[in-house]
Amino acid sequence: MITTEDIIAKLEKRIHSFNDSGKKLNVGTVMKNTDGVITADGLSDVAMGEIVTFENGNSGVVLNLDEDTVSIILLGSQENLKEGNRVETTGKLLSINVSNEYLGRTINPLGNPLDGKPDIKGEKDMPLERIAPGVVEREPVNTPVKTGIKAIDAMIPIGRGQRELIIGDRGLGKTAIAIDTIINQRIQEKGHKRVICIYVAIGQKRSTVAQIVNKLKEEKALPYTIIVVADASDPASFQYLAPYAGCAIAEYFMEKGEDVLIVYDDLTKHAWAYRQLSLVLRRPAGREAYPGDVFYLHSRLLERAVKLNKEGHGSITALPIIETQAGDISAYIPTNVISITDGQIFLEADLFNSGIRPAINVGNSVSRVGGSAQTGGMKSVAGKMRLELAQYQELAAFAQFGSELDKETLTRLERGKRTIEIFKQAQYRPVAESLQIAIIWTVSNGHLDDIPLEEIQRFEEEFSQYLQTRHKKLLEDLGSGTKLTEPINQTMEKAVKDFKQLFHG
Amino acid sequence: MKQHMMKQLIAISYKNNKLDEKVVFKIACLLLRKDLKRYVRALKNYEKKRTVTVSLPSISRELIHKNEYLLKKIFPKKEILYKKDPLLMAGVRFSHHDTIFEMSLRNTLEQIAAHAGETDR
Ligand SMILES: Nc1ncnc2c1ncn2[C@@H]1O[C@H](COP(=O)(O)OP(=O)(O)O)[C@@H](O)[C@H]1O
Ligand SMILES: [Mg+2]
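Chains as they are written, first to last, in the working numbering: chain A, 575 to 1079; chain B, 272 to 392.
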């Protein structure tokens, strides 16, 4: 039994131990400030990535340890910071205090709101830098993130826990694909586990980000989305930290068992920000003036995308975006990021300009997880269609030269053209999986061969409406996630035939 | 100027463990402004490294005398400098180079307060 005396004795002991433990501080002095990068001396006990506080109340992160100086990137304003000011170590690593309340908010990389709404109360400190889960903690990718974009879901499926790069020149719809994917997560199909979305905007114009936030709000995508912004006018240090902050938030939700989708838009600008910091830090510059560790910059970020194998644990799916110059994917940053992702969606200017939008070059785009990230229903129709499309592309190249083509070749060419036509899709118009399966089934079973090319899009639209009003049960079956059975195929066939009579009549 | 040259300059600035005024001014006259700045900073740093500052709320000859032997033993080869800091409640602060160690009533009170705050939650 514990007596009162015991308790008091314990407390007294505690007070003694307080007396023993004095406060130990490690301090330094500011030597200079170059563009928000502070050089300080002293601080011999500081660790890489540790937070330090300045005399004026500002804080910073240690990014370089030299023989007798330390480089610190500022996390606040440079005002009132003078040479000779005192800096103190804190013993804490940079982290962000995350909670459920982050959902629907627009924040900066430190977790401060940018949307004019009140401050967000955190619940758990998540470190910005963290070692990615090891091999034993990972599970193979087996569940899709449905993008609602027909070409992607059918041919380049993205699995939960995967890293899929979106790459292409400026203005080809990279952001559009990412935003459409976020919008599509509002679906509430049976058996669909929700996906929390995080959009990290790095070095973009403030007006562009505002438009995106507005669009997400309009499309009712905000309640499950968090937007982390370090725009072009923010210091390079913020742009450098933004993706790590986004990832830390993603990890908070993943640990609670949620599936998270995170978009880094874009890592080219992230690499620029890092290059700028490195030049100020006087790190030796290598190829294209990037510092030698620019590869590590992105690999340690993207390695944190994972599907955990523990029961009740979630996943992080990463969609990094890279902007190329004149389609050059052999530049330094693109090649680096291609090598550390599980696949890429390659956008091409020629396609975009000839009206094929989204301008995905299917031949060059891959997803290394392939069919394992597709539902049974999609798998049933996608395989055949892909094969036909590949044949078409080969034939189309030949057909330019030959004049006389046999009937079978002609049919194949016509079918190929129609397949490409159904993969055209407007922005902000995600398509449910059941409807995707329906239209792919229709084209690859030859039911569109007699529809004029110009009418394909109208056909698809009206057919979708028809199915939604008259064939709810069929759509349910198509979207159930299981393979298409013979009875389903028959119902499908009948539905198409019935609709075609209406369409022609 | 290279780092090791700066270190040599610092080394020759001292004679018998005391800063040699003549040498220092000679060096100062020869250095460019930029290097002079570094030299001053290096001197300051060197001073900080070789001295231990003991801050006390009040200083008396008696107190210094009583602790001299002990301090010399803990910090051999260091200059010991006493400084008065009335803000230190019933305590003492040792500063050496970039490390500060403080034991005071205020500190203890703050720790207890922090601890109480933690257990409150
Ligand atoms: N599927 C699409 N259909 C029609 N227009 C599109 C489509 N996707 C993108 N766009 C348009 O292309 C332009 C560039 O898109 P954006 O996503 O901002 O490109 P990026 O992020 O590659 O620079 C925008 O005006 C956008 O509206
Ligand atoms: Mg963009």
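Derived from the structure by calculation, the hints contain no laboratory data.
We treat Cβ as the ideally placed atom computed from N, Cα and C, and that holds for glycine.
The reader is advised that the hints may include incorrect statements.
Said to hold, decoys possible - Covered stretches of chain A (in silico footprint by chain B; criterion: 3 or more residues with CB under 8 Å from a CB of chain B, positions within the stretch not fixed):
#: 1; stretch: 599–606
#: 2; stretch: 896–902
To be verified - DSBU-like mimics (lysine-lysine), calculated; alpha carbons at most 30 Å apart, straight line:
#: 3; chain 1: B; residue 1: 319; chain 2: A; residue 2: 656
#: 4; chain 1: B; residue 1: 297; chain 2: A; residue 2: 597
#: 5; chain 1: B; residue 1: 337; chain 2: A; residue 2: 606
#: 6; chain 1: B; residue 1: 293; chain 2: A; residue 2: 598
#: 7; chain 1: A; residue 1: 656; chain 2: A; residue 2: 791
#: 8; chain 1: B; residue 1: 273; chain 2: A; residue 2: 606
#: 9; chain 1: B; residue 1: 344; chain 2: A; residue 2: 597
#: 10; chain 1: A; residue 1: 666; chain 2: B; residue 2: 320
#: 11; chain 1: A; residue 1: 606; chain 2: B; residue 2: 344
#: 12; chain 1: A; residue 1: 598; chain 2: B; residue 2: 349
#: 13; chain 1: A; residue 1: 656; chain 2: B; residue 2: 308
#: 14; chain 1: B; residue 1: 320; chain 2: A; residue 2: 597
#: 15; chain 1: B; residue 1: 343; chain 2: A; residue 2: 606
#: 16; chain 1: A; residue 1: 1057; chain 2: A; residue 2: 991
#: 17; chain 1: A; residue 1: 598; chain 2: B; residue 2: 297
What the hints assert, rightly or not - Here are a few chain B residues that face chain A, going by a calculated C-beta distance under 7 Å:
#: 18; residue: 284
#: 19; residue: 356
#: 20; residue: 360
#: 21; residue: 372
#: 22; residue: 373
#: 23; residue: 374
#: 24; residue: 378
So, going through the hints one by one against the coordinates:
Here the stretch 599–606 of chain A counts 5 residues with a CB under 8 Å from a CB of chain B, which clears the bar of 3, and the coverage holds. Check on the stretch 896–902 of chain A: 0 of its residues sit with their Cβ under 8 Å from a Cβ of chain B, so the three-residue criterion for coverage is violated. Simply put, residue 319/B and residue 656/A have alpha-carbon atoms about 21 Å apart, close enough for the 30 Å limit, and the pair holds. The hinted pair formed by residue 297/B and residue 597/A fails the criterion: a straight-line CA distance of about 42 Å is larger than 30 Å.
Of the supplied pair hints, the one linking residue 337/B and residue 606/A is violated, its CA atoms being roughly 43 Å apart against a limit of 30 Å. Between residue 293/B and residue 598/A the CA atoms are separated by roughly 38 Å; this puts the pair beyond 30 Å, and the hint is violated. The suggested pairing of residue 656/A with residue 791/A is violated, with an alpha-carbon distance near 43 Å, which exceeds 30 Å. Of the pairs offered as hints, the one joining residue 273/B and residue 606/A holds, with about 19 Å between alpha carbons and a cut-off of 30 Å not exceeded.
Between residue 344/B and residue 597/A the CA atoms are separated by roughly 22 Å; this keeps the pair inside 30 Å, and the hint holds. For the hint pairing residue 666/A with residue 320/B, the CA-to-CA distance comes to about 26 Å; that is within 30 Å, so the pair holds. As the CA atoms of residue 606/A and residue 344/B are separated by approximately 38 Å, the hinted pair breaks the 30 Å bound. Of the pairs offered as hints, the one joining residue 598/A and residue 349/B holds, with about 20 Å between alpha carbons and a cut-off of 30 Å not exceeded.
Between residue 656/A and residue 308/B the alpha-carbon distance is near 16 Å, which keeps this suggested pair within the 30 Å criterion. Restraint check for residue 320/B and residue 597/A: the C-alpha separation of about 20 Å stays at or below 30 Å, so the hint holds. As the CA atoms of residue 343/B and residue 606/A are separated by approximately 36 Å, the hinted pair breaks the 30 Å bound. For the hint linking residue 1057/A to residue 991/A, the alpha-carbon distance of about 27 Å falls within 30 Å, and the restraint holds.
Our distance criterion of 30 Å between C-alpha atoms is broken by residue 598/A and residue 297/B, whose separation comes to about 39 Å. Against a cut-off of 7 Å between C-beta atoms, the interface hint on residue 284/B is violated, since the closest Cβ of chain A lies about 17 Å away. At a threshold of 7 Å, the smallest CB-CB gap from residue 356/B to chain A is about 14 Å, leaving the interface hint violated. Look at residue 360/B: its Cβ only gets to about 13 Å from chain A, farther than 7 Å, so that hint breaks.
Below 7 Å, beta-carbon pairs count as interface contacts, and residue 372/B has one with chain A at about 5 Å; its hint therefore holds. Against a cut-off of 7 Å between C-beta atoms, the interface hint on residue 373/B holds, since the closest Cβ of chain A lies about 5 Å away. Because the beta carbon of residue 374/B sits about 4 Å from the nearest beta carbon in chain A, less than 7 Å, this interface hint is met. Interface hint status for residue 378/B: upheld, as the beta-carbon distance to the closest one in chain A is roughly 5 Å, under 7 Å.
When held up to the earlier numbered hints, the structure conflicts with 2, 4, 5, 6, 7, 11, 15, 17, 18, 19 and 20 and fits the remainder.
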